Amino acid sequence: MGIKEALKERILFCDGGMGSLLQAGGLQPGELPGTWNITHPEVLVRIHREYLEAGADIVTTNTFGVDSLKYNEHTGFLVEQVVTAAIRNAKNAINQSGKKAYVALDIGPTGKLLKPLGDLAFEEACRIFGQIAAVGQKEGADFVLIETMSDSYEAKAAVLGAKENCCLPVFVTMTFDRQGKLLTGGNPASVVAMLEGLGVDALGINCGLGPVQMKAIAKKLLSVASVPVIVNPNAGLPRSENGQTVYDIDSAQFAAVMKEIALMGAAVVGGCCGTTPEHIRKTVELCRGIKPVPVKPKCRMVVSSFARAVEIGRDPVIIGERINPTGKSKFKQALRDHNLEYILQEGVNQQDSGAHVLDVNVGLPEIDEPSMMEEVVQELQSIIDLPLQIDTSNMEAMERAMRVYNGKPLINSVNGKKESMESVFPLVKKYGGVVVALALDEDGIPETAEGRIKVARKIYETAAEYGIGPENILIDALCMTVSSDSQCAVTTLETLRRVRDELQGKTILGVSNISFGLPLRENINAAFFTMAMQNGLNAAIINPNSEGMMTAYRSFRALMGLDEQCGNYIEAYAAQAAAAKAAKTVRAAETEKNGGSHQQGGLNRGMEVRTGEDTHNGSGFGAALAVSIEKGLKEQAAFVTRELLENRDSMEIINKGIIPALDQVGKGFEAGTVFLPQLLMSAEAAKAAFEVVREKMQESGAEQEKKGQIILATVKGDIHDIGKNIVKVLLENYGYEVIDLGKDVEPALIVSTAQQNHTPLVGLSALMTTTVPSMEETIRRLREQAPWVKVMVGGAVLTKEYADSMGADQYCRDAMASVNYAEKIL
Amino acid sequence: MKQMDAMEEWLEGNGEFPWQDREILRYLGYPQEQKVTEQVMSLIGEGKQELEQAARPRSVWKEYPLRVEGHLLTTACLKTVSKNLEKNLKDCEKVLLFGATLGSQVDRLLQRYARLQMSKAVILQASAAAMLETYCDWQNERLREEYKEKGWYLRPRFSPGYGDFPLECQSSLVSALELSKRIGVTLTDSLLMAPSKSVTAVIGLSKKPRVCTVQGCEVCGKKDCPYRR
Numbered sequence: 040m041g042i043k044e045a046l047k048e049r050i051l052f053c054d055g056g057m058g059s060l061l062q063a064g065g066l067q068p069g070e071l072p073g074t075w076n077i078t079h080p081e082v083l084v085r086i087h088r089e090y091l092e093a094g095a096d097i098v099t100t101n102t103f104g105v106d107s108l109k110y111n112e113h114t115g116f117l118v119e120q121v122v123t124a125a126i127r128n129a130k131n132a133i134n135q136s137g138k139k140a141y142v143a144l145d146i147g148p149t150g151k152l153l154k155p156l157g158d159l160a161f162e163e164a165c166r167i168f169g170q171i172a173a174v175g176q177k178e179g180a181d182f183v184l185i186e187t188m189s190d191s192y193e194a195k196a197a198v199l200g201a202k203e204n205c206c207l208p209v210f211v212t213m214t215f216d217r218q219g220k221l222l223t224g225g226n227p228a229s230v231v232a233m234l235e236g237l238g239v240d241a242l243g244i245n246c247g248l249g250p251v252q253m254k255a256i257a258k259k260l261l262s263v264a265s266v267p268v269i270v271n272p273n274a275g276l277p278r279s280e281n282g283q284t285v286y287d288i289d290s291a292q293f294a295a296v297m298k299e300i301a302l303m304g305a306a307v308v309g310g311c312c313g314t315t316p317e318h319i320r321k322t323v324e325l326c327r328g329i330k331p332v333p334v335k336p337k338c339r340m341v342v343s344s345f346a347r348a349v350e351i352g353r354d355p356v357i358i359g360e361r362i363n364p365t366g367k368s369k370f371k372q373a374l375r376d377h378n379l380e381y382i383l384q385e386g387v388n389q390q391d392s393g394a395h396v397l398d399v400n401v402g403l404p405e406i407d408e409p410s411m412m413e414e415v416v417q418e419l420q421s422i423i424d425l426p427l428q429i430d431t432s433n434m435e436a437m438e439r440a441m442r443v444y445n446g447k448p449l450i451n452s453v454n455g456k457k458e459s460m461e462s463v464f465p466l467v468k469k470y471g472g473v474v475v476a477l478a479l480d481e482d483g484i485p486e487t488a489e490g491r492i493k494v495a496r497k498i499y500e501t502a503a504e505y506g507i508g509p510e511n512i513l514i515d516a517l518c519m520t521v522s523s524d525s526q527c528a529v530t531t532l533e534t535l536r537r538v539r540d541e542l543q544g545k546t547i548l549g550v551s552n553i554s555f556g557l558p559l560r561e562n563i564n565a566a567f568f569t570m571a572m573q574n575g576l577n578a579a580i581i582n583p584n585s586e587g588m589m590t591a592y593r594s595f596r597a598l599m600g601l602d603e604q605c606g607n608y609i610e611a612y613a614a615q616a617a618a619a620k621a622a623k624t625v626r627a628a629e630t631e632k633n634g635g636s637h638q639q640g641g642l643n644r645g646m647e648v649r650t651g652e653d654t655h656n657g658s659g660f661g662a663a664l665a666v667s668i669e670k671g672l673k674e675q676a677a678f679v680t681r682e683l684l685e686n687r688d689s690m691e692i693i694n695k696g697i698i699p700a701l702d703q704v705g706k707g708f709e710a711g712t713v714f715l716p717q718l719l720m721s722a723e724a725a726k727a728a729f730e731v732v733r734e735k736m737q738e739s740g741a742e743q744e745k746k747g748q749i750i751l752a753t754v755k756g757d758i759h760d761i762g763k764n765i766v767k768v769l770l771e772n773y774g775y776e777v778i779d780l781g782k783d784v785e786p787a788l789i790v791s792t793a794q795q796n797h798t799p800l801v802g803l804s805a806l807m808t809t810t811v812p813s814m815e816e817t818i819r820r821l822r823e824q825a826p827w828v829k830v831m832v833g834g835a836v837l838t839k840e841y842a843d844s845m846g847a848d849q850y851c852r853d854a855m856a857s858v859n860y861a862e863k864i865l
Numbered sequence: 010m011k012q013m014d015a016m017e018e019w020l021e022g023n024g025e026f027p028w029q030d031r032e033i034l035r036y037l038g039y040p041q042e043q044k045v046t047e048q049v050m051s052l053i054g055e056g057k058q059e060l061e062q063a064a065r066p067r068s069v070w071k072e073y074p075l076r077v078e079g080h081l082l083t084t085a086c087l088k089t090v091s092k093n094l095e096k097n098l099k100d101c102e103k104v105l106l107f108g109a110t111l112g113s114q115v116d117r118l119l120q121r122y123a124r125l126q127m128s129k130a131v132i133l134q135a136s137a138a139a140m141l142e143t144y145c146d147w148q149n150e151r152l153r154e155e156y157k158e159k160g161w162y163l164r165p166r167f168s169p170g171y172g173d174f175p176l177e178c179q180s181s182l183v184s185a186l187e188l189s190k191r192i193g194v195t196l197t198d199s200l201l202m203a204p205s206k207s208v209t210a211v212i213g214l215s216k217k218p219r220v221c222t223v224q225g226c227e228v229c230g231k232k233d234c235p236y237r238r
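Residue numbers (the working numbering), protein chains in the order written: chain A, 40 to 865; chain B, 10 to 238.
Just chain B, with the same shape it has in the complex:
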């Protein structure tokens, strides 16, 4: 796992972040195989360096039992009905609630360029989104290995706002994990996360492996989304 090692090293303050350029370009709206101008690539390069300086990725997770009664899913202080989440959590007895962020310095960096150089702001926006996903993937992969030893299989992470999983569940996740105290992630009155480059998710834990997992982007029902992979 080259990616895993690279992340480990970067977090310790050595080496480069394991960037996935294709993902950055996807968030910027470039179709696969689209040629990217030299000027844009050089701006992406600058942005990546600045993000590596500004980001302080942090994450927390906590294990909770899962109860399913009819279509009602209950875990910690989270109670919800969601077909998509229910499908995602099929055969799960427990869940991991998960929260992660790149920290508030990234927002300041985004803000700086939003005021002074919008082209770079959109590039940083896309790069930070890709960075956060890569970081979460890495953290989830570590959890997958840890739980595998105990005989548990992890389902792909599923966030409020995906499909029909209500955004309102954000508050329960944030308070169950004490996100504001532990990693500085807060919610605004309209349930936006601040700092903006943050994620909350539910990760199912099951004794059964799942053969075919559709994950990430493809789970979503919004088939006409411009960012769809």
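If we strip away everything but chain A, and leave its shape as in the complex, we get:
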């Protein structure tokens, strides 16, 4: 009987700790534990046997941390040898014991953090884990046990690596802290969503805590998981006594709590650090008679990010629609210019407005959509903790995004056409996800609700053939334009209702379509949105920055008993109401004082600086602009610029307004009267002013000239890029075209980029002594292969002497120094 079948019949017992037993057997600190599989097989067989005799059904191989990062030609022991020996030891122990037991191929974390937070690439991690799994299958392990994972992203890499390299069942246990959080921020609900999406056969928790602290987390896991749950705690909470680790509870207390956990419904129980055969023996004695609680499918529709889970159910979910180039010329330009900051800002704004999920669509005919999609997903998930909706009709883009996504995404979309289902469903099955299913097929969009229900049924049925349940299908009831078909809203609403009532399904709509071609679209959108929610809509793709839509949403929740004591409603609007009241009072007072004349616009601060016109810069021109830039007031700088543009020429504003102000701040910085935060705030204000001028110039067809191209990079091995980013902000301010290659950049990429564009200047940054050699290497290669390039360098550990000895052209002690150098040579 395979382990998956065995799990249906009874509770299975895992073995316990290995590390402390190996140390007791003579393993020295600093020695690689995996090597003992080869050098001391008798010790391993003995330990495994002791656990088997204590009643364990599962023998975990001594392969925790056995990966090619630590076991390679440098250490003299290769992964394949060690894993092979470890599985043989486990099997020998089972044979000697005469018991029936399962061999778990243990896979632990690499001890590295994945990019972008660390330096291990996702695909490299997949490869490392895959290698272990492949050997495990070849040598006859019964299943793969991925354990002690405290980062969901690494866990995903391990599951993908395992599943792509073997066909054994895969179990995963994660390590949570006392608050039920992963070290990288996830929680039980987000972890379960991702792991079940990836198709693991069992999941749970191990290490980090004792059984007492694990109980609450186990309970949470059991309440959301639709696969068997594993609980392998440490022997208790450790403390150090005379240099020895001791635990706060003994083996009897351990077993007593494990019994409670088994009664709650855990399917596999065992131990982790500090537990011994004695802990397992007592646990087996207490739990042997417990009948396993059948694992029930929870039928929850959930998407997740690395940090949070969002359930799509009765409480409507807001999906922000703004990351999409359709009909947005600025967005299109940002894509063409590879201006990811623009896209990230759209994401942050929508989160601030209250979106729960962000739709991501970067399709534009002239760009490489798969690469852009992958990059944008990675960038967004490194700064925003909302789940993403991958929105593309390009299958390669969809797969690449799903692969690197750290969680369980929404997928937009599949439809009832055979071809669509055949290409999308296998991806959903492999990577996990909730998929938006458009109720249309080869025959087009059904005109009636009946027709759409029929297509929805077909989609559910086909999905089931792929093993995808209805909890992962979100029916798009389709929203047409009411100005061209006056019945279309009625049809959509009926479809929503019938999916809910007849199919017990969940629905989604792109709400804004309804008002196309009508004036004041928000009126129709908001009304339709409320009606749709009332007819059962579960998720809405809308613009969360639209006040009308969010008002409809918040009001609906307050009215439908979804917002306890109207707390969220009050939180959103109480301050606004108070501010409106206060503004009214102020206005009344001002009107009285000024004898009726009242200044327009919310920028009171703008008024205040304008009074300083005469005192600044001698002449009156651009004084308000200068003050805004020097003080670092972004909105004000843009506002003043817009006003100036009404009767001034663009170039005049740049040359007589923005640039002198920037120079003023730069000089202050060099003289030590202005400090870095101010310098950057001024740069940001100047940038806001530039944006306004640029828009105006674009309208009139003029292009602002770039001064010259500069490549910036933080060198290979260095993942701290703050210095480089500061330099970038300033150089862009001064009109240079900056190609930012990012951090941890291979010398070859810097060289090839310089060659491609015949770039005249390269700026390199290194923070640590350990990464200076790669700076040196980069300079050497540039000299050989791009001899025209001037190189400026900077970074915490560098000095002028150091820079000279490496052959750099210029050492820049700070960001202004790099601007000065660029001004000098370009």
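Keep in mind that a hint or two might mislead.
Unchecked claim - Heads up, simulated BS3-like pairs for lysine-lysine below, C-alpha to C-alpha not over 25 Å straight-line:
hint, chain 1, residue 1, chain 2, residue 2
1, A, K706, A, K735
2, B, K57, A, K673
3, A, K259, A, K220
4, B, K44, A, K673
5, A, K220, B, K71
6, B, K217, B, K157
7, B, K92, B, K71
8, A, K468, A, K497
9, A, K109, B, K99
10, A, K109, B, K88
11, B, K44, B, K57
12, A, K706, B, K44
If you are wondering where the hints come from, they were derived from the structure by calculation, not from laboratory data. Remember, it's a predicted structure, so these values are computed and weren't measured experimentally.
Start from chain A and add chain B according to the hints.
Relative to chain A, chain B alone:
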């Protein structure tokens, strides 16, 4: 100890973190007594709030015997020759190896602003550094009290990279303390810590109190450092 109580409360989810504004400003390059603009102070205020949300400070420590043979210092799997560390560990029979971090969410926050608002990124960078120091000081103070009862005196914490204490020792500290597993602190190939706002250190344990202790910043030989106190 007001500072201690405030930290305790904040860690339990109440009150404010005991910020030391002067330290934040020092990391930002402001000389003592320098007036700071209202705009910068308000950005610092925002940054502090966001950090209080994002940070999940964690720390671990473990006691090991210390052997000194000639100039070779040996403890756990750490072996090194370092004049500065040797001086720091004078009269010590044992050491505490110590590791702490603010967690990876702080790095994400830093990354967010590095992409979207650099002025705030540098402010967060400085504030997070100050936060980590304050947290380590608090944790060390607790250890000092705990060990005092047993008759031991703690020396100031000393980290790889301080003076001539080789950065390469980072790996031994990280593996001895199992930092990646226990608090999520890892090393890159070039020995940078990830998450970035993390610390490892050696803390000497001695039976003898030390009369005059130079600690922290002033120990360092780099006298021209712009951040020197």
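To see whether the hints hold, each was checked on the structure:
Pair hint K706/A plus K735/A does not hold up; C-alpha atoms about 29 Å apart against a cutoff of 25 Å. Using a Cα cut-off of 25 Å, the hinted pair K57/B and K673/A holds, with the two alpha carbons roughly 21 Å apart. Between K259/A and K220/A the CA atoms are separated by roughly 12 Å; this keeps the pair inside 25 Å, and the hint holds. The straight-line distance between the Cα atoms of K44/B and K673/A is roughly 22 Å, inside the 25 Å bound, and the hint therefore holds.
Note on K220/A and K71/B: the hinted pairing holds, with a Cα-Cα distance of about 24 Å set against a maximum of 25 Å. Using a Cα cut-off of 25 Å, the hinted pair K217/B and K157/B holds, with the two alpha carbons roughly 11 Å apart. As the CA atoms of K92/B and K71/B are separated by approximately 23 Å, the hinted pair is consistent with the 25 Å bound. Restraint check for K468/A and K497/A: satisfied, since their Cα atoms lie roughly 18 Å apart, inside the 25 Å limit.
Between K109/A and K99/B, the direct Cα distance comes to roughly 35 Å. Violation of the 25 Å bound is thereby established for this hinted pair. The suggested pairing of K109/A with K88/B holds, with an alpha-carbon distance near 20 Å, which does not exceed 25 Å. The suggested pairing of K44/B with K57/B holds, with an alpha-carbon distance near 19 Å, which does not exceed 25 Å. For the given pair, K706/A sits about 18 Å from K44/B by alpha-carbon distance, which is consistent with the 25 Å threshold.
Violation of the numbered hints given earlier is confined to hints 1, 9; the remaining hints are satisfied by the structure.
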